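Visitor: Going line by line, the protein sequences match chains G and P. Residue numbers for the first sequence, in this note's numbering: 1 to 151. Residue numbers for the second sequence, in this note's numbering: 1 to 354.
The hints are simulated quantities; they were obtained by calculation from the structure and are not laboratory data. Given the structure is predicted, the values throughout are model-derived calculations rather than measurements. Cβ coordinates follow ideal geometry from the N, Cα and C atoms, glycine included. Careful, some of the hints might be misleading.
[What the hints assert, rightly or not] Covered, in the sense of this in silico footprint (three residues per stretch, anywhere, with C-beta under 8 Å from a C-beta of chain G), are these stretches of chain P: (1) 30-39; (2) 148-157; (3) 225-231.
[Unchecked claim] Just some of the chain G residues that point at chain P, by a computed CB distance under 7 Å: (4) Val-17; (5) Leu-18; (6) Asn-71; (7) Gly-76; (8) Ala-86; (9) Pro-90; (10) Ser-94; (11) Glu-98; (12) Gln-102; (13) Leu-122; (14) Arg-124.
[To be verified] Below, a list of computed lysine-lysine pairs in the BS3-like style, where the Cα atoms sit at most 30 Å apart: (15) Lys-100/G <-> Lys-200/P; (16) Lys-62/P <-> Lys-100/G; (17) Lys-259/P <-> Lys-100/G.
The chain contents come next:
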Amino acid sequence: MKCQRCPKQATLHITEVLPLDKFEEYHLCEECAKKYLYPMTAAKKSSGVHADDPGGKVCEVCGLKFVEFRNTGRLGCPHDYDSFRAELVPLLESIHGEPKHQGKTPRRLPRAKAGQRELAQLRRSLQEAISDEKYEEAARLRDRIRQLEEG
Amino acid sequence: MDLDSLLPNLGEWLRGTGPDVDVVVSTRIRLARNLADVPFTTRASDAQKGEIEARVREAVGKSALEPRLDYLSVAELSPLDRLFLVERQLISRELASTLDGPRGVAFDTNESVSVMVNEEDHLRIQVMRSGLALDDAWDRIDKVDDALEARLSYAFHDQFGYLTACPTNVGTGLRASVMLHLPALGITKQIEKVFKALQKINLVVRGLYGEGSRASGDLYQISNQVTLGKSEPRLLTEIKEVIGMILQYERQARQVLLKERRQAEQDRVARAIGTLGSATMITSEETMELLSSVRLGIHLNLLDDLPHTTVNRLFIQSQAAHLQKLTGQQLDGEERNAARARYLRNCLRDLGGK
């Protein structure tokens with residue numbers, strides 16, 4: 001059987017359980033399966049290469065390079081605010097003045113934050129599982145992540 | 001939702017009543033929000049955008065907001081329907097045409113609340129009010145935000161507040177815009193002076209359709225630039241102070257016009273009505289300019305047989321997508337200018353006949 005997304009041989013067969021007892025089957029090669037299971041990881045190139053120029057800095061969560069932000073003016077994910085904190089603070093100062101939030105905060109913040117820590121850990125495990133080619137484990141982690149996200 | 005059913009309505013922002021409506025057309029507040037642990041829209045795959053859309057839709061549905069918000073998938077709409085929503089200020093031009101993949105908007109039939117999904121940020125919540133009503137708009141949007149936040153986990157940072165794709169929106173994610181009609185400041189050539197003063201205090205002036213758009217028909221949007229480091233009430237207070245000042249200047253300029261050149265203004269308004277009621281071809285730019293004169297004429301009591309919502313009706317319904325829906329035909333260039341003139345003629349004749 002051929003991969004549904006490229007001409008290679010399909011080696012992984014994934015059954016998605018959709019709402020209302022519906023199922024969807026995917027037959028994919030290893031590479032496409034990686035992309036399917038975790039698009040963010042697949043997009044990521046070698047990370048953590050720090051040159052002197054901060055343009056080479058990469059966010060380990062979304063894979064955005066700082067230089068890409070400089071070109072487009074758009075960040076890649078919420079984590080970028082920590083990944084590029086040193087570069088962003090002067091920018092925020094020049095746009096807004098004082099770079100410290102005042103005002104409304106989400107009501108369910110404490111719970112959400114705890115959830116976010118667990119999510120971050122699960123995401124790391126997921127990346128490891130994918131690079132170790134443990135796809136069953138990866139699928140299980142991914143489902144747990146979805147569950148938490150929807151929580 | 002049947003979009004065509006909105007066609008005869010004015011929508012909240014053009015309702016034409018409310019505080020200071022002689023100068024302030026409408027008030028809008030928007031909040032930028034993103035889901036935690038998902039890439040921002042520009043970096044999300046279509047699958048992720050689909051997931052974001054599904055989660056927001058569910059939250060909107062379950063939060064049982066009053067009035068109810070109905071969701072429309074913008075990706076599935078025709079180009080005409082998209083433009084129709086842009087003209088009604090329910091979605092941005094970007095959501096309509098430059099962005100792709102799963103995206104949409106939820107709004108109520110009064111068109112006072114809209115929630116764009118997968119715009120530059122995952123959520124762009126917007127509340128509209130007729131006239132100057134910043135506090136009222138804030139109360140409403142604060143509640144809508146709470147209701148959604150109870151079901152969605154927002155990206156929030158202790159130091160930087162609500163995280164957004166563009167650092168210009170981070171913090172409160174709040175942008176308040178007040179749309180002003182400032183013809184007298186234009187006529188008396190004071191407008192540049194006013195805007196230079198605004199830039200010094202970090203307020204932005206834009207044309208009718210937001211960033212980069214040209215001011216036409218003497219309509220200007222004033223909004224805050226800073227979103228981080230100041231609380232929402234403080235941001236709103238700063239805008240209110242400035243708007244109060246501009247209102248005063250505009251009203252003074254109007255009084256000067258009445259005192260010093262009443263006859264000339266009367267003539268300008270009469271000619272505007274005359275052109276709108278007799279042209280056989282007319283561009284949207286010219287329509288906007290003429291409607292601006294008519295609007296001023298109504299508020300200066302130089303015209304007494306026109307209800308003041310007329311201008312808002314002519315203003316919205318003479319725009320491209322509205323005209324095409326009213327006539328039921330696809331209209332290009334000249335055809336559109338002819339259809340616009342026909343529509344304006346008919347409307348004004350009906351009003352004059354009363």
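Visitor: Against each hint, give a clear statement of whether it holds in the structure.
Guide: Cross-check of the supplied hints:
1. 30-39: holds (count 6)
2. 148-157: With 7 residues closer than 8 Å to chain G, the segment 148-157 of chain P meets the three-residue bar; holds.
3. 225-231: holds (count 7)
4. Val-17: violated, 15 Å
5. Leu-18: Since the shortest Cβ distance to chain P is 11 Å, the answer is violated.
6. Asn-71: Violated - the Cβ of Asn-71/G stays beyond 7 Å from chain P, reaching only about 12 Å at its closest.
7. Gly-76: Status holds, d = 4 Å.
8. Ala-86: violated, 13 Å
9. Pro-90: violated, 11 Å
10. Ser-94: This hint is violated: Ser-94/G lies away from chain P, its Cβ roughly 10 Å from the closest one there, beyond 7 Å.
11. Glu-98: OK, holds: Glu-98/G within 7 Å of chain P, min 4 Å.
12. Gln-102: Holds, about 4 Å.
13. Leu-122: violated, 10 Å
14. Arg-124: Hint violated; Arg-124/G Cβ to chain P Cβ min 12 Å, cut 7 Å.
15. Lys-100/G <-> Lys-200/P: holds, 22 Å
16. Lys-62/P <-> Lys-100/G: violated, 33 Å
17. Lys-259/P <-> Lys-100/G: violated, 50 Å
The structure does not agree with the numbered hints 4, 5, 6, 8, 9, 10, 13, 14, 16 and 17 stated previously, though it agrees with the rest.
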